[in-house]
Each structure stands twice: as C-alpha cells, then as structure tokens.
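Trainee: Listed below are the residues making up each chain.
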Amino acid sequence: KAVAMAKLILLLLNWIFLCCNVAAVFEDQVGKFDWRQQYVGKVRFSHFDSHMQSSKKVLLASESNVFAALNTRTGELFWRHVDKTGPEGNIDALLQHGQDAVLVIGNGHLLRSWDIGVGGMNWEMVLDPGSFRSACLVGHQGAVKHLAVLKKTVISLHYLSNGHQKWVENLPESETVDFQAVYSGGNGEVYALGVVPNSHLAIVVYSLEDGEITKQVSVEAPWLSSIPASCSVISRGLLTCVDSTTMSLYTLDLHLQLEMTQIPLQTLGLDVDPGFRPSLVSHQPNPAHPPLSEFLLQLGPEHHLLLQHNDGQIVTLRDYKPALLASFATAGEKTVVAVMAPKNKTACSINLFSAETGRRLLETTLIFTVDPNGGKPEKLHVQAFLKKDDSVGYRVMVQTEDHTLTFIQQPGRVMWTREEALSDVVTMEMVDLPLTGAQAELEGEFGKKADGLMSMVMKRLSSQLIMLQAWIAHLWKLFYDARKPRSQVKNDVSIENLSRDEFNLQKMMVLVTASGKLFGIDSKTGDILWKHYLENIPLNAAFKLMVQRTTAHFPHPPQCTLLIKDKDTGLATLHVFNPIFGRRSQVTPPALPQPILQSLLLPLMDQDYAKVLLLVDDQYKVSAFPSTKNVLQQLQETASSIFFYLADSGQGRLSGYRLRTDLSTEQVWEVVIPTETQKIVSIKGKRSNEHVHSQGRVMGDRSVLYKYLNPNLLAVVTESTDLHQERSFIGILLIDGVTGRIIHEAVQRKARGPVHVVHSENWVVYEYWSTKSRRNEFSVIELYEGMDLYNSTVFSSLDRPHAPQVLQQSYIFPSSISTMEATLTEKGITSRHLLVGLPSGGILSLPKMFLDPRRPEVISEQSREENLIPYAPELIIRTEWFINYNQTVSRVRGIYTAPSGLESTCLVVAYGLDIYHTRVYPSKQFDVLKDDYDYMLISSVLFALFFATMISKRLAEVKLLNRAWR
Amino acid sequence: MLSRGSLSRLWLFVHATFVVVSCFTDMEPGSGVGVSSQPNGDRFKIEGRAIVPGVKTHDWVSSARVLVEGEEHVGFLRTDGSFAVNDVPSGSYVVEVVTPTYRFEPVRVDITSKGKMRARLVNYIKTSEVIRQPYPLQIRSVGPHSYFMKRETWGWTDFLMNPMVMMMVLPLLIIVLLPKVVNTNDPEMRKEMEQSMNMLNSNPELPDVSELMTKLFSGSKGSSKAGSSSKSSRTVTKRR
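Chains A and B, in that order, are what the protein sequence lines are. Here UniProt numbering is used: position 433 in the first sequence is 433, and no number is missing along the way. Here UniProt numbering is used: position 205 in the second sequence is 205, and no number is missing along the way.
Hints listed in this document are in silico derivations from the structure and should not be mistaken for laboratory results. None of the hints are false.
In silico lysine to aspartate or glutamate, EDC-like type, Cα no more than 16 Å apart, as pairs:
| id | chain 1 | residue 1 | chain 2 | residue 2 |
| --- | --- | --- | --- | --- |
| 1 | A | 84 | B | 71 |
| 2 | B | 126 | A | 874 |
| 3 | A | 84 | B | 72 |
| 4 | B | 126 | A | 777 |
| 5 | B | 150 | A | 880 |
| 6 | B | 150 | A | 932 |
| 7 | A | 84 | A | 63 |
Just need the whole structure built from these sequences, with the hints factored in.
Mentor: Here's what the structure looks like:
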C-alpha cells in the first residue's frame with residue numbers, strides 16, 4: 001500500500017514537473033515593451049538598384065553622413081553604415097554601377113566602394129588633397145570600368161574594381177579657371193568643364209587611356225557663373241546652358257564648335273518667371289553611352305518643360321504647367337518623365353510621360369496626398385520598371401520639406417512612410433495619457449466637495465454603472481473579435497481611443513526635431529499618432545519644450561509650450577499646442593519682440609491650472625505666460641522667493657537674479673570665471689520632478705548620515721582653454737542658485753572634455769578623458785549634511801549655516817561615452833541607475849551603487865553591514881547590463897527618463913539617429929508579479945497539496961480502522 | 001578629506017606602476033606619450049582583420065564598425081573582414097570592432113611620429129604595460145554577446161536539491177520506509193520505540209501534535225461505513 005502511495009505521489013510530482021517545464025519555456029522580454037526605430041537622416045542622394053529586375057533595394061545617402069539600403073517593399077533597412085559626423089564624413093557624391101556603389105566622402109578625401117548586396121565594403125581609397133568638385137562614372141565601349149573625380153586642381157581616374165588610380169593629371173590654369181563639372185559620354189574621353197566667372201568657359205579633354213590632354217579650348221561665355229546650376233550635357237556631347245539675364249538657351253558641341261549658339265527663349269515661345277533662376281536637367285541612363293537628347297527645363301516654381309535637341313534644333317516636346325516636380329527614370333531601354341502636378345489643396349497627381357515623344361502614358365496616374373501637417377514636396381525619386389507586357393510601371397518616393405519619405409504605388413497606395421526628421425530629435429517630453437470618460441467620472445467623484453450623503457451615494461452608483469457598462473462593452477468586443485479571424489482584428493491605436501493604462505506605463509512621447517517637425521508617438525507601440533510641421537524654423541534654432549498643463553486637469557486640455565529661439569539673434573517664438581492631439585492651442589502666445597535670455601517654468605498655476613512660464617528678455621524684464629490678472633497677483637505675492645540665474649559662457653559670467661514685485665529684476669550675486677584660463681561648458685540643475693525618498697543613509701553603526709538635498713544646487717562644469725595634455729584640466733563648481741554660494745569646487749588636472757554630467761539627489765557624477773592615462777574616468781561627488789540635520793522640515797538656501805561634507809571617488813571606465821542620464825521613478829524609493837549611452841550603440845544601465853564615494857578600500861564590519869562594494873578602480877561593462885540588448889542605438893545623443901505609475905519602473909527613451917524606448921527596473925520588479933511568474937507551478941502545487949491531504953486523510957482512516965480490527 | 005586621500009593614493013599607485021613598468025620595457029619614442037594631433041602632421045593607417053570563427057564574413061560585416069578611441073575615427077569592414085582606418089595621427093589609440101552580435105576584445109595601437117606601429121593588450125590600470133599583439137591586427141571574436149540573464153528554469157535536480165523539498169521528502173521516506181525495515185509487530189521493538197518516544201516527549205501530559213492532527217482529521221466524518229467496506233475489500237486482497 002505504502003509503495004503504491006509513494007508511487008502515486010511520485011507520479012504526482014512528476015506531473016508537477018512536467019507542468020512547470022511547460023510553463024517555464026525560455027521566455028524573453030524581447031520586443032515585449034521595447035521598440036526601436038532606425039533612421040538615416042535627410043536624404044541627399046538616392047538610387048534605386050535597377051541592375052537586377054527583381055531588386056528591392058533603394059540606396060540612400062543622407063546629410064547625416066549615413067549610407068543605407070532600404071527595402072522598397074517595407075521601408076525597412078537592409079543595412080546601414082554610419083560614418084563620423086561633421087564634414088569629415090560628409091557624403092559628396094553617390095555613384096552606382098551594378099553591384100557597386102561608390103561614395104565620395106569628406107570633400108573628396110575618400111573614395112569608398114560598397115557591395116550593395118552584402119552591405120560590406122569593397123575598397124577604400126584616400127585621394128590626394130584638394131576640395132571636391134564633381135565625379136562621374138566613365139564608360140567605354142559599352143562597359144563601365146572607371147570613375148573620374150574632379151577636384152579644384154587635379155583630375156584623377158580610378159578603377160571601379162579596386163579603386164586604384166589609373167592616372168592623375170593637374171588641371172591647366174587652375175588658379176584662374178574654376179573647374180566645376182566632369183563629363184564622359186562613353187567615347188574614351190573625359191571632359192573637365194571649368195569657368196572663369198563672367199568671362200569664358202574652359203574645356204579640357206583628357207584621353208581615357210593615359211590621361212593626356214587631347215584638346216583644350218576656351219569659349220566666350222560672359223553670362224556664365226556656375227556650370228552645375230545652369231548647364232548640362234545632352235545628346236552626343238552638346239553642352240546646353242540656360243541663362244536668365246539674357247533669357248536664352250546656349251548650346252555648344254564639345255567636339256566641333258568653338259563658340260556657343262544662342263537660342264533666345266522667345267523663339268521657342270517661352271518665358272522665365274520673374275525672379276526665378278532657371279535650371280536644366282539631363283539624363284544619362286548608362287555612363288557608357290551619351291546622354292539622351294531630351295532634357296528638362298524648369299522656368300518657374302511650377303513650370304517645367306520637356307525639350308529635345310533634334311538636328312541642331314531645340315524642340316518643345318511638352319509644356320508642364322502647373323508642375324511642381326519633374327524627374328527622369330529609365331527602365332530597360334525606355335526612359336520616362338514623371339511629373340507631379342498640384343491637383344487640389346490636399347493632393348498632387350503624378351503622371352508618366354514618354355521621354356522620346358512627350359506623350360502621356362495611359363493609366364499611369366498616381367495620387368499623392370499631401371499631409372496638411374507636413375511640408376511641401378521637394379524631390380521626386382522615381383523607380384521605373386518594365387511590366388510583363390513591356391509597358392513601363394513605376395513607383396515614386398516623394399521627399400518633402402519635412403524630411404519625410406513616402407513611397408507610393410499606383411494608384412496612390414502608400415507602401416511606407418519614413419519620418420527622417422526623427423533622426424534628429426532635439427528635445428522631448430512624455431505626457432500622461434488622458435483618463436477615459438469612466439475613469440474621469442470616478443476621479444471627479446473624489447475631487448469634488450461633498451454635497452450631501454444621498455447625492456454622493458447616487459453619484460457612486462452611477463459611476464459604478466458606467467464602469468459596468470464599459471466592462472460589458474469590452475467583453476462584447478472581446479467576444480465579437482474572437483469570432484473574426486486573427487488577421488482582421490486590428491489593434492488600431494488612434495488618438496480617440498487612447499487612454500491611460502492601470503499603471504500609467506503608456507504615455508505620449510512628444511518629440512521636437514531640428515527640422516521643426518513635432519511628433520506625438522505612442523510609447524507602447526512606437527506608432528506616430530500625430531505630427532506637425534512648423535515652417536520657417538531658423539536653421540540654428542534652439543528648442544525648449546515645457547509641459548504647462550498635464551492631463552490631470554480635466555476638462556482643461558493638456559498644454560505644451562515650445563520655445564523656439566534663433567541662436568544668432570536671440571529672438572524667440574512660442575508654439576502652444578495640445579500634446580495629445582498635436583493641435584495648436586486656442587491660447588494665443590504673446591509676441592516676443594525682445595531677445596530672450598532665459599525661460600523658467602514656475603510651479604505656480606493660474607486659475608486654469610496652467611503652470612506659469614516666465615521669460616527674461618535682454619533688458620532683464622520679465623514677462624509671464626499666461627499673464628492673466630490672477631497670475632500677476634500670484635507673482636507679486638511670491639516674487640520675493642523667485643530667483644533665477646543667467647550664464648554667459650562667452651564672458652564666463654554666472655549671475656543670480658531675484659524677481660521684484662513689478663516684474664523687474666535685481667542682481668543678487670555674480671560669479672566670474674576667468675575666460676583666459678577656462679570656459680563654462682555646461683550647467684546642470686536638478687530635475688524638478690525628482691523625488692528623494694530617504695533623507696539619509698543608515699550607517700553600519702546604526703547612525704544616520706543625512707544627505708545634503710539642496711534643490712537649488714547647480715553643477716557648473718568648466719574646461720581649460722589650454723588643451724595641452726599636461727596643462728589641461730576640468731573643473732566642477734557646485735553653486736547654490738539662490739545665494740551664489742560656492743558649495744564645493746573640484747579640479748581634475750590632466751583631464752579634458754567632453755564632460756558628461758548627471759546631477760541628482762545629493763550627488764553629481766561626471767565623466768571626462770584623462771589625458772595622462774589616456775582613458776575615460778568617472779568621478780562622483782556626494783554631499784552630506786552630517787550626522788544631524790539642520791531644519792529637517794524645509795530646505796532653505798538662505799538658512800543653511802553649515803557647509804556640507806563632500807566625498808569624492810573616481811573610477812576608470814573602459815569606454816568613451818556618448819551621453820548619460822539617471823533613472824527616475826515616481827517616489828524615489830527604487831535605487832538609482834545611471835544610463836550610459838556608448839558609441840557602440842549599447843545603453844548601459846550602471847547601478848549607482850558602483851559609483852559611491854563611500855566604497856571602502858579595506859572592508860570592515862561596518863561597510864559590510866552597509867552593503868558597500870569594496871573599491872575597485874575599474875568599472876566593468878557587462879553586456880547583460882545593456883538595456884537594449886542587440887538593438888543598438890546609433891549616435892545616441894540623449895536619454896530621456898520618466899517615472900511611470902509603478903514605483904519599480906522607469907520609462908526610458910534613447911534618441912540619436914535611432915529612437916529606442918524601453919522600461920527599466922533598477923531594483924527589479926518588486927511591486928508587480930514578474931513576467932515569468934509561474935502561475936502553473938503555484939496552482940499545481942496547491943492542487944497537489946490538496947489532493948495529497950485528501951489521499952493521506954483517506955489512508956489514515958484506513959490505517960486507523962485496520963488497527964481497530966486487529 | 002577622505003575622498004581626496006583615496007584618490008591621490010590611487011594616483012600615486014598608478015604613477016608608481018607607470019614608473020616601474022617604464023623601467024622594464026623599451027619605450028619607443030612617442031609611443032607611451034599620446035602625441036596631440038597636429039593639423040598638418042602625418043596621418044597613418046591602422047590595418048587589420050576581424051575574424052568570427054565559423055561564421056561567413058558576409059553575414060556580419062554589414063553591421064560592423066571599427067571604432068578608434070570612441071568615435072574619433074571610424075572604419076568599416078571589407079567584405080573579407082579586413083579593415084583599414086585612414087587618417088589617424090600618431091598617438092596611442094584603443095581600437096575596437098563593434099557589432100551587435102559578436103564580441104571582440106579591444107586592442108591598443110601605438111603609432112609613433114614616424115609611423116611605426118605596434119599593438120598591445122588594453123590595460124587601463126597599468127596603462128604602459130606592454131603585452132604585444134600582432135600587427136596588422138588580427139582580432140578574433142570571443143564569441144557572441146551574452147545580453148540576456150538566464151531565467152531561472154526548473155529542473156529535476158534544482159527541485160530535489162531545494163532544502164524545502166528535502167525537508168518534505170526525507171520524512172516522507174522515513175514514514176514510508178521505516179515500517180518496512182523495522183518490524184513494528186515485534187513487541188520488544190515496540191517497547192523500545194515507545195521508550196525512545198517518551199525520551200523525546202519529556203512531558204507526557206502534553207498532547208502529541210501528530211495525535212491531535214489524526215484525531216482532528218479522522219473524527220470529522222462518519223467514516224465507519226466507508227472504512228469498513230474498504231477494509232473488507234482490503235482484507236480480501238490480503239488473504240488472497
């Protein structure tokens with residue numbers, strides 16, 4: 001019996017094991033709550049890979065020095081190569097031939113050839129110095145084997161296969177002649193075209209074989225100043241130019257003529273729009289053959305023409321008016337012209353025309369819907385292909401002013417859209433989603449003042465009823481969806497049905513990009529819910545985004561204010577909008593005629609619960625927005641406690657001001673940092689939404705070391721102007737922003753920037769480059785009040801007689817870093833981590849515990865009690881600490897952290913070239929059940945125990961009875 | 001202050017090692033000291049090859065980059081895994097091959113002002129220690145990156161070795177096996193056991209917990225009927 005029982009139990013156990021094995025299938029959190037979007041930046045060159053009929057690639061070279069191949073079906077990246085930022089990685093030209101794409105990089109410094117199938121590099125070649133002018137592929141006898149690079153003083157020819165130089169020749173008279181274009185028509189000659197502005201045109205012909213000058217002519221052209229802007233080679237070496245002052249076309253046969261033929265536009269019945277600079281576009285489908293004899297001429301912003309050169313005559317094939325954009329494309333032997341014409345306010349139509357005849361091809365109309373919140377179309381990239389019946393089909397990639405790429409198929413189906421503006425996010429905020437009607441009702445019940453017991457009960461009942469209704473509707477939807485096939489059930493997130501989730505984990509990300517396009521992105525899925533393009537944004541604008549009113553003040557809509565400031569003039573404008581819908585707000589922002597020096601968002605609110613924004617102009621006058629009577633009154637009352645600071649890094653001056661009741665200001669303090677030796681590089685205050693839960697740290701001997709929690713503390717970083725490695729240094733100043741008192745000063749000798757700083761709670765962490773040891777180092781400063789707290793109820797900068805204790809420690813970090821931020825949680829109970837963006841694309845979550853100046857060199861009983869990690873000079877990068885695993889974020893520029901409704905969870909957005917969103921749990925998920933929580937195990941154990949008691953009870957009974965019988 | 005003291009001590013330590021090591025190794029001129037980059041100084045090329053054993057280069061080169069001292073200089077990999085970073089002024093650099101999938105150890109490359117190169121292991125603590133590496137660089141992948149923490153999985157051994165389970169299973173075994181091993185019907189044995197039980201139970205007045213429990217469970221239902229029927233069947237089987 002007993003054996004049978006044991007077997008039974010074993011079986012049961014076995015079953016439990018099986019169950020838990022099933023439940024514990026290795027489960028990753030990959031993609032569960034994180035997402036990444038990859039971008040390339042504003043497209044400068046694009047090339048559809050047409051060497052294979054079935055190719056799905058489009059090559060893009062961007063102004064952000066990125067070269068990438070996209071899948072034309074989905075818009076996703078096949079591969080992407082991110083070069084250095086700045087002029088050194090600048091892509092000057094993109095030439096594609098077959099499987100190879102050649103880039104000219106860094107003002108003609110490098111030639112790089114890529115295998116577009118693999119995405120690997122074929123070769124890289126350093127060119128002779130000289131500023132880049134032009135490059136072209138050179139074909140001969142039907143094959144393309146070379147490319148020519150024209151620089152200011154030299155022209156060189158390279159093999160496509162390995163980049164080696166075939167020949168390099170100096171350009172004659174390069175001191176006077178400005179060579180600007182290079183051309184080859186596939187006849188074994190390379191033409192370098194130069195201009196002496198307003199005098200003549202110089203043409204030098206090189207032999208392809210040995211680089212010998214076979215011909216050198218100069219042609220009178222007093223009207224010409226720039227070849228690429230107004231000239232193009234068509235047909236068999238016919239240089240054609242257009243000039244707006246003489247209103248003429250000029251042609252020159254490069255082989256035969258020595259003088260230009262003038263064709264007045266009037267003889268063709270044409271006219272240039274006043275003030276417009278006409279331009280010419282020719283098309284050379286194959287570098288081994290001469291260009292087409294047809295070309296496009298643009299005479300006005302909405303006027304294009306297709307012209308043909310025929311027996312020395314220029315003939316108009318087609319006049320496109322109105323036409324926004326026109327572009328050539330070739331499929332097989334056929335060349336077509338795609339022309340975009342405005343249809344109505346919200347749509348444009350694109351049509352295809354035969355390049356040879358100018359006739360419109362039937363059934364080729366495509367409708368492009370212009371986004372009213374986007375920019376105007378700027379470029380048309382056409383992918384033409386031959387259909388089975390040998391007719392030409394096409395798809396277009398429309399590039400608009402707001403850097404958006406839209407890929408459209410006939411008859412107007414948008415295959416994908418890429419918002420390349422998101423490659424350059426400047427600043428962002430996360431805004432809570434609004435409550436649903438039911439939730440708001442429930443919340444409202446608690447918010448309102450009590451008005452009698454009965455009505456309260458009624459209210460409660462009604463709100464419960466509404467919730468029940470919502471729940472039933474939800475159930476019905478579930479049931480309804482369950483009957484439909486899976487594919488039809490769409491998880492359609494739209495602005496209308498967005499609402500806050502239980503733990504406030506889903507938020508609206510409001511992103512501001514350098515192009516002036518604003519985006520609202522759902523943080524859960526990464527879907528773009530709204531976008532708004534602000535036109536007329538100055539090129540070097542600085543942005544500051546502020547949340548004036550959150551969603552918590554129903555029925556008042558949430559409100560964000562974007563301050564856009566021209567860095568040169570200091571003039572600023574305000575854009576006020578609703579962060580949930582992206583719409584411009586009804587509130588009219590004040591006009592700001594004076595340059596703005598500083599803006600500050602006060603915790604004061606007006607009667608509509610909007611926080612008050614103060615703007616300080618260059619006359620040190622303060623204006624408030626909103627500036628209602630209520631606000632002004634509040635400001636008058638609290639003026640004596642409003643302080644702000646201004647920093648002038650040019651003069652090395654930091655000054656503190658206080659507000660007067662009449663909204664003028666008075667200077668309270670000033671700190672001058674001598675600009676001859678050092679300059680201010682950054683100033684970091686603390687985040688206003690930061691909470692610190694514990695006032696102190698419990699030491700090993702049970703005493704408490706109180707933190708110095710000064711909310712007005714500023715960390716000022718300076719770098720030495722002397723960059724010599726022996727003499728360079730960086731300095732950290734901790735200044736109280738109200739009194740100007742310098743709390744602490746630290747200097748790191750033999751160190752240089754870039755310095756990355758995080759300032760939070762009672763600590764400042766900064767990272768710098770040690771020139772002496774050639775390594776990156778972290779340093780942490782912590783401030784403590786000591787063993788007893790002076791005035792524990794409130795912190796006042798004006799009343800803190802004791803200077804804080806300062807502890808500092810430094811560590812070696814085995815990598816350089818791109819950016820740094822600290823995690824942030826709702827109540828500040830969770831331990832903090834530092835999020836470090838690395839150049840490799842990883843985002844490291846480094847526990848603050850490792851950056852603790854109290855880490856002991858010698859372990860003692862007390863330090864063990866306190867859980868201090870013994871000091872080790874080197875911090876270690878563990879790939880397990882990468883919060884973005886293999887989803888690397890290229891060129892990470894900023895990390896934004898926001899608290900969620902769960903204390904354990906911090907929402908993180910890393911932005912750079914890519915955008916990555918995830919959640920981090922610095923102290924593990926202590927307030928929710930873990931993802932891998934084993935419901936199966938716990939329930940099966942419960943069941944097993946239940947059965948086991950039943951069985952054992954029964955057995956015990958039997959045994960008792962047996963004993964009784966005996 | 002405490003911090004300053006510790007920091008300076010660290011500096012001293014580093015300095016000391018620097019001095020000691022530099023005595024031992026033959027320092028090439030300029031290699032130990034980073035030469036600041038002059039705008040018109042000579043530029044050099046760092047060359048090498050990255051290898052991922054057992055993986056075709058085509059599968060990983062498109063996502064790889066060569067970073068020299070952060071992103072100060074960037075190089076790309078050729079389709080055969082080799083690379084060259086152009087335009088590097090003389091100095092000392094940490095060269096790293098980065099891919100999202102495979103891990104490569106960084107290497108420090110020293111370039112003298114004359115363009116002489118040498119590669120050595122990266123050691124951030126003893127910065128001038130020289131453990132030579134081949135140049136042109138041969139960087140072999142150490143394996144794939146391990147990004148994920150292992151989830152706690154359940155296994156037989158984990159479960160059985162769990163102290164709680166041990167505590168449950170061992171008494172169970174004793175209960176089941178002990179009556180088999182020891183003949184409880186033997187009166188002598190019983191006496192002995194009772195004695196030992198009494199020894200354990202120093203206070204005989206106190207009710208035994210186990211007894212209490214059995215009473216509690218058995219007394220709950222009118223079990224006589226079911227008990228007898230089952231008993232009779234049992235006896236039958238026993239007699240057979």
